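Line by line, the protein sequences give chains A and B. Here numbering that gives the first Met the number 0 is used: the first residue of the first sequence is 0, the next is one more, and so on. Here numbering that gives the first Met the number 0 is used: the first residue of the second sequence is 0, the next is one more, and so on.
What the hints contain is simulated information worked out from the structure, not anything from laboratory work. Since we're looking at a predicted model, the values are computed, not measured. Every residue gets a Cβ at the ideal spot worked out from N, C-alpha and C, and that includes glycine. Please note that the accuracy of each hint is not assured.
Mimicking BS3-like on lysine-lysine, the simulated pairs with C-alpha atoms at most 30 Å apart in a straight line are [claimed, not checked]:
{"hint": "1", "chain 1": "B", "residue 1": "K227", "chain 2": "B", "residue 2": "K153"}
{"hint": "2", "chain 1": "B", "residue 1": "K140", "chain 2": "B", "residue 2": "K153"}
{"hint": "3", "chain 1": "A", "residue 1": "K118", "chain 2": "B", "residue 2": "K179"}
{"hint": "4", "chain 1": "B", "residue 1": "K250", "chain 2": "B", "residue 2": "K179"}
{"hint": "5", "chain 1": "B", "residue 1": "K235", "chain 2": "B", "residue 2": "K179"}
{"hint": "6", "chain 1": "B", "residue 1": "K1", "chain 2": "A", "residue 2": "K73"}
{"hint": "7", "chain 1": "A", "residue 1": "K118", "chain 2": "B", "residue 2": "K1"}
{"hint": "8", "chain 1": "B", "residue 1": "K179", "chain 2": "B", "residue 2": "K227"}
{"hint": "9", "chain 1": "B", "residue 1": "K153", "chain 2": "B", "residue 2": "K235"}
Covered by chain A, according to a simulated footprint, are these stretches of chain B (three or more residues, beta-carbon under 8 Å) [said to hold, decoys possible]:
{"hint": "10", "stretch": "29-38"}
{"hint": "11", "stretch": "122-131"}
{"hint": "12", "stretch": "200-213"}
{"hint": "13", "stretch": "249-258"}
{"hint": "14", "stretch": "265-278"}
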Amino acid sequence: MDNTVEVTMTVNGETVTRRVEARTNLVDFLRTEVGLTGSHVGCEHGVCGACTVRVDGRIVRGCLMVAAQADGAKVWTVEGLTDTGELRALQDAFVERNALQCGFCTPGMLITLAELMQKNPDADRQEIREFISGNYCRCTGYQAIVDAFEMARGRAGAAE
Amino acid sequence: MKPAPFAYARASSLEDALSLLAEHGDGARLLAGGQSLMATLNMRLSAPEILIDLNRVAGLSGIEDAGDTLRIGAMTRHSDIEDSPLVAQHAPLIAAAMEHIAHPAIRNRGTFGGSIAFADPAAELPACAVTLGATMTIAGKSGTRTVSADDFFKGLYETAIGPGEILTAVSIPKIGSGWKSGFLELARRHGDYAIIGLCVHAEISGETFGNARLVFFGAGDRPVSAPKTAALLKGKPWSDGLADALAASLKDELDPPTDLNADGPMRRHLAGVLVRRTLAPLAESRG
């Protein structure tokens, strides 16, 4: 049986076509085939959230989707969303509030919080915590990350 | 870890998916949302020869008002159910359960039918389906058939879906007037599988309970109903004494398992806690 598959998707606005093993998951595809290593590989079973990317406008676990499923999809990673400036207010607030130490969770955390910024920018601290409950941070204790979201939402509109 | 090699086929229609399933038999796994399956494959707990992807099959997703019932397509994403005004209005139990299902990124991919068909005994939706008396629609080569939720869950990860068959939709009876739903689960962290959880669907007139259904998850090898305890509610208003009687009754009626998260006696105790926390606000909320 042929265990490879041809995949075409738009990654950060650019069309990418590759033939890969069908078992290649989306985050490995982005890292090894496209060279975008901002999305991280942590637990590889959907628990840690380090591989979070945006597919057709919604955040997903990059390790729980094979690349073949993203055929025809629009995929955005931390690199692309940094270039567009969408993450700017969050990134600045992360720096100001010390919302990262080792940085391993940060790309997934930023993309997750960017979705919360779209869906519920007025989220209270409990709602922010619930929204990032699927993203592990082993350094900060989350307090500073929640602070950073609260700081960024006041500026998100002003930055544009 | 990385999964063992497999082939991948994108089904273009339900007929195509059924043909692929017939062709590959036990070597095939259906890929719906993949939020449990992919984790299982990554950990090499399963090594199918081929994944049959249902994500591009037309007609399998959507929430439809079908008169007395809501028809939820098997491939409907959790996040679409979470945002659905139809579900909020006609199936408040399911609406209340959604935020407890894993995390936003997983709800964006995971599917209603996938969760029902996977039949994890600690999952929320199988218990909701049993509580509400849902009906499952299953397609096979020879046509479709329907199975009631009570007959659907056969055991640990086992359902009435036969070889070569695909769950296509779940029909949920709309909530009747005078009925209320309650949902609560206890987990170490938000979004984790529950240690134990409870679905309540009850008739309440003024402060007095009528017919009621109590269904626990994480309490056995499938959703576990507690009809004897539920019968104690009939004709009674909420009181601390009633809460104690319900908790005592659950100690006889439930025999939950012991695992790494909690032992059986602790789960039995927590069942009583859940009954109190879920029913008290139902009894107090008017309208």
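**OP:** For the pair supplied as a hint, K140/B and K153/B, confirm whether the alpha-carbon distance does not exceed 30 Å.
**Re:** holds (22 Å)
Original post:
Taking 8 Å as the C-beta cutoff, is the stated coverage of the stretch 249-258 of chain B by chain A satisfied by three or more residues?
Top reply: That given contact is violated, which follows from only 0 residues of the stretch 249-258 of chain B lying within Cβ reach (below 8 Å) of chain A.
Original post:
Are K250/B and K179/B close enough, with their CA atoms no more than 30 Å apart?
Top reply: Holds, at about 25 Å.
Original post:
Against chain A, does the stretch 122-131 of chain B show at least 3 residues with beta-carbon separation below 8 Å?
Top reply: violated (count 0)
Subject >> Whether chain A covers the stretch 29-38 of chain B (at least 3 residues having a Cβ closer than 8 Å to its Cβ atoms) >> reply: holds (count 5)
**OP:** For the pair we were handed, K179/B and K227/B, check the Cα-Cα distance against 30 Å.
**Re:** It holds: about 19 Å lies between the C-alpha atoms, which stays within 30 Å.
Original post:
Does K1/B pair with K73/A here, judged by a C-alpha cut-off of 30 Å?
Top reply: Given that 30 Å is the threshold and the Cα spacing comes to 24 Å, the pair holds.
**OP:** Report holds or violated for chain A covering the stretch 265-278 of chain B, Cβ cut-off 8 Å, minimum 3 residues.
**Re:** violated (count 0)
**OP:** State whether the coverage of the stretch 200-213 of chain B by chain A holds or is violated, taking the criterion as 3 or more residues with Cβ-Cβ distances under 8 Å.
**Re:** That given contact is violated, which follows from only 0 residues of the stretch 200-213 of chain B lying within Cβ reach (below 8 Å) of chain A.
**OP:** Could you grab the alpha-carbon distance between K118/A and K179/B and see if it respects the 30 Å cut-off?
**Re:** holds (29 Å)
Original post:
Under the criterion that the straight-line Cα-Cα distance not exceed 30 Å, is the pair K235/B, K179/B satisfied?
Top reply: holds (15 Å)
**OP:** For the pair supplied as a hint, K227/B and K153/B, confirm whether the alpha-carbon distance does not exceed 30 Å.
**Re:** holds (21 Å)
Hints 7, 9, 11, 12, 13, 14 from the earlier list are contradicted by this structure; the remaining hints agree with it.
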